[in-house]
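Chemist: Make the full structure from the sequences, and use the hints.
One letter stands for each residue in the lines below.
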Amino acid sequence: MHMHKFEKIWLIFGFGALLVFLTVIGVSAFYLGNQPPSCLATIDPEKVDTTAPFNEPGLKKVEGKEWDYELVFVASAFSYSPARVEVPLGAKVKVIATSKDVMHGFQAAGTNVNMMLEPGYISEVVTTFKNPGEFLIVCNEYCGVGHHMMHSMIEVVE
Amino acid sequence: MAKTELNRKIDTETEVEDSTNLNGTLASVMILGAILIITWVGLYMLFLSR
Amino acid sequence: MNIQAKLKVDPRDGKLAMAHFYVFIVALAIGGLAGLLQTFVRSGKFELPFGIGYYQLLTLHGVVLALVMTTFFIMGFLHAVVSKTAGTYTNRQRTLAWISFALLTIGTIMAAIMILLNEASVLYTFYAPLQAHAVFYIGLTLVVVGSWVGSAAVFMKYGEWRKANPGQSSPLLTFMAVITLMMWDIATIGVATTVLFQILPWSLGLVETINVGLSRTLFWYFGHPLVYFWLLPAYMVWYAIIPKIIGGKIFSDSLARLSFVLLLFFSIPVGLHHQLVEPGIDPAWKFIQVILTFLVVIPSLMTAFSLFATFESYGRSKGAKGLFGWFKKLPWGDARFTIPFIGMLGFIPGGAGGIVNASHQMNQLVHNTIWITGHFHMTVAFAVILTFYGVAYWLIPHLTGRILTKKMNKLAMIQGITWTIGMLFMSSSMHIQGLLGGPRRSAFSEYGGAAQAAEWIPYQIAQAVGGSILFISIILMVYVFINLAFFAPKGEQEFPVGEVAKGAEKTPLVFDNWKLWLGISAILIVFAYTLPLIDLIQNAPPGSKGFKLW
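Residue numbers (our numbering), protein chains in the order written: chain A, 313 to 470; chain B, 127 to 176; chain C, 2 to 551.
No wet-lab data here; the hints were simulated from the structure.
Positions of the beta carbon are idealized from the N, C-alpha and C atoms, including for glycine.
Incorrect hints may have been included.
[Unchecked claim] In silico lysine to aspartate or glutamate, EDC-like type, Cα no more than 20 Å apart, as pairs: (1) A:K406 - C:E209; (2) C:K549 - A:E358; (3) A:K359 - C:E506; (4) C:K546 - A:E368; (5) C:K546 - A:D356; (6) A:K412 - C:E209; (7) A:K317 - C:E506; (8) C:K546 - A:E358; (9) A:K320 - C:E506.
[As the list claims (entries may be wrong)] Derived, one-sided and incomplete: chain B residues facing chain A with beta-carbon distance under 7 Å: (10) L148; (11) V155; (12) I157; (13) W166.
[Claimed, not checked] Simulated restraints, written as ranges between beta carbons of each label pair: (14) C:K46 - A:I324: 32 to 40 Å; (15) A:L401 - C:I521: 47 to 55 Å; (16) A:G370 - C:L207: 34 to 42 Å; (17) A:S391 - C:L118: 22 to 30 Å; (18) A:G458 - C:I107: 57 to 65 Å; (19) A:H314 - C:P332: 23 to 31 Å; (20) B:G168 - C:F528: 28 to 36 Å; (21) C:R13 - A:H314: 36 to 44 Å; (22) C:K46 - A:T440: 36 to 44 Å; (23) B:G168 - A:L401: 20 to 28 Å; (24) B:M171 - C:K16: 50 to 58 Å; (25) A:R396 - C:I476: 45 to 53 Å; (26) C:I521 - A:S391: 43 to 51 Å.
Modeler: Take a look at the structure:
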């Protein structure tokens, strides 16, 4: 099977570019720890309210961990608890969330915090809030008739 | 000697095909490649800045 | 007679294909209207009448366009192409194809009724634990089974051709049709498994709970190849039909087959890239499927080269000079070429966006934002659909014994260009709004007066403008379709089948070695999915009851 030499050049170039992309995200994910949210912990979706840490939603200072705060959210159709929370600027925060009923989304608009909440699983992401201001949390996975009414707010304060 | 002859024949055949003028094609796909790279790098920067 | 492609599709096979296309055009009109109304609602200036729900409408839009319209067009197109290039169907094959059509239609009607009764507002992805009426799932199952029966007809024709023409390479378009349907059949096993063994028993009340993570993973095992099921027929047109329309040659038969084989390999074991920000799946497995996803880019890079090379070779044969002189030689007045060509160009930003979406943690930037909606409207609703329009302009009159007149060609150009303008408006505003955090699949909302949500509204208005222009294009398309099917002058409209250049190298026979291709495909799937699936089953949380939250 013959291939024109320009096509070879093109495919080597294209393959090379893809390889560079993969290397950049691969190193960032596996060496620097910037994996997408992939928590493997499970929970009984019907006992969320009585299971720690979801029995106390909100921001909590923690000691001796890689992050300074834990921010716990409970999602259910069609709201988040807490409905509003203040976070100090520059703090390293682990966001921990789960759903009590159906699939929900959890995205803080304008940040990289964007993950699926699946009944039975805990979702986690560690982030640093670098910019002050209000960040709207929206449900971005269809969950029913009130899906577009489901939101919360993170206020990053100095 | 016959062997060399045979090899040369194949080489010229390949050259004939490769001489099809596809300069515009190469330029076009390279523009396409540039679009892919610019898009990806731009969004990776946005990802890092957030 | 079998070796040389017949001049015209046999009228009996033509009727079969046309039956599919009638459903296609009705689905386009209904789904398009639903889409228009959605953009209106989301602009914040309009409310739905008669108690119709936004998400009911959205389910209709997704099911009718993504599942019904595409499947009917593709099956009709593949039957026509195979009948043309591998020979007229035998009675047995045609009967199977009609049974397939009947199953597709009955399944569609069942699902549609449940949506209209508001018993199934779960969107076309029907994620558990939202629970629709069982009839909705049964309907969609029939659609899948119907497509299996239809592909059996194609495989039988292909087998018959191979037997009658030993030692010869199969007709390119038939080969591509077989790859497309093989890929589809392997992929639909995933959705069939979750529907038959998880969702149906659960929605019928036979079991109380469902494993949500497993169901989603099986769905996305199907969900990504689904988009390639849309794309491959467009690639068939680009590789093997467009060259004939412009009067050029297929750049390389072998490389076209090679890219289809690669698409078969790499379009299936990649579904996890739809679940990159999901819990319960190890990120290492996500990354492995990200690598496989990147490999599926390669055949598309090959495709881009082949197409440009076809165009340049043609232009140079007409005396074009300079680096881009060949571009001017292309038949820009011919809607059969120009409209699919615009689609090809649209696949460039579409593909660029796709690479971003699949880039592992970068997916956090865009996941479930309206950027994704913009992305797949650029790929399927632009690149693929413009190509399908381009096919309809000549295939409908070919099958009905009519011709595409100069006047209709002009209208077809206007139709395609209107679509282009509308989609550029809609898709680009979706992309930008998505990067600003705007969610997909959501009705109009001010989100409690949040400043960020207020920034999104101008883009939503732009989407309504785009949606309106797109709907005008749909009206034009319906008009063109009806003209070509019933009123255009009688005549012989050519069925363009591309040829390779004289003296081109012979296509290696290895391409018809299905044991090899299916074997490699199976190995890749088993490799990519076995451990993630075992994980999801063994470490499953307590199951979920059904919810009806609409």
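Chemist: All the hints need checking, so say for each whether the structure fits it.
Modeler: Status of the hints after comparison with the structure:
no.: 1; hint: A:K406 - C:E209; verdict: violated (34 Å)
no.: 2; hint: C:K549 - A:E358; verdict: holds (16 Å)
no.: 3; hint: A:K359 - C:E506; verdict: violated (67 Å)
no.: 4; hint: C:K546 - A:E368; verdict: violated (25 Å)
no.: 5; hint: C:K546 - A:D356; verdict: holds (12 Å)
no.: 6; hint: A:K412 - C:E209; verdict: holds (17 Å)
no.: 7; hint: A:K317 - C:E506; verdict: holds (16 Å)
no.: 8; hint: C:K546 - A:E358; verdict: holds (10 Å)
no.: 9; hint: A:K320 - C:E506; verdict: holds (18 Å)
no.: 10; hint: L148; verdict: holds (5 Å)
no.: 11; hint: V155; verdict: holds (5 Å)
no.: 12; hint: I157; verdict: violated (11 Å)
no.: 13; hint: W166; verdict: holds (6 Å)
no.: 14; hint: C:K46 - A:I324: 32 to 40 Å; verdict: violated (52 Å)
no.: 15; hint: A:L401 - C:I521: 47 to 55 Å; verdict: holds (53 Å)
no.: 16; hint: A:G370 - C:L207: 34 to 42 Å; verdict: holds (41 Å)
no.: 17; hint: A:S391 - C:L118: 22 to 30 Å; verdict: holds (28 Å)
no.: 18; hint: A:G458 - C:I107: 57 to 65 Å; verdict: violated (34 Å)
no.: 19; hint: A:H314 - C:P332: 23 to 31 Å; verdict: holds (28 Å)
no.: 20; hint: B:G168 - C:F528: 28 to 36 Å; verdict: holds (33 Å)
no.: 21; hint: C:R13 - A:H314: 36 to 44 Å; verdict: holds (41 Å)
no.: 22; hint: C:K46 - A:T440: 36 to 44 Å; verdict: holds (39 Å)
no.: 23; hint: B:G168 - A:L401: 20 to 28 Å; verdict: holds (27 Å)
no.: 24; hint: B:M171 - C:K16: 50 to 58 Å; verdict: holds (55 Å)
no.: 25; hint: A:R396 - C:I476: 45 to 53 Å; verdict: holds (47 Å)
no.: 26; hint: C:I521 - A:S391: 43 to 51 Å; verdict: holds (49 Å)
Hint compliance for this structure: hints 1, 3, 4, 12, 14, 18 are broken, all remaining hints hold.
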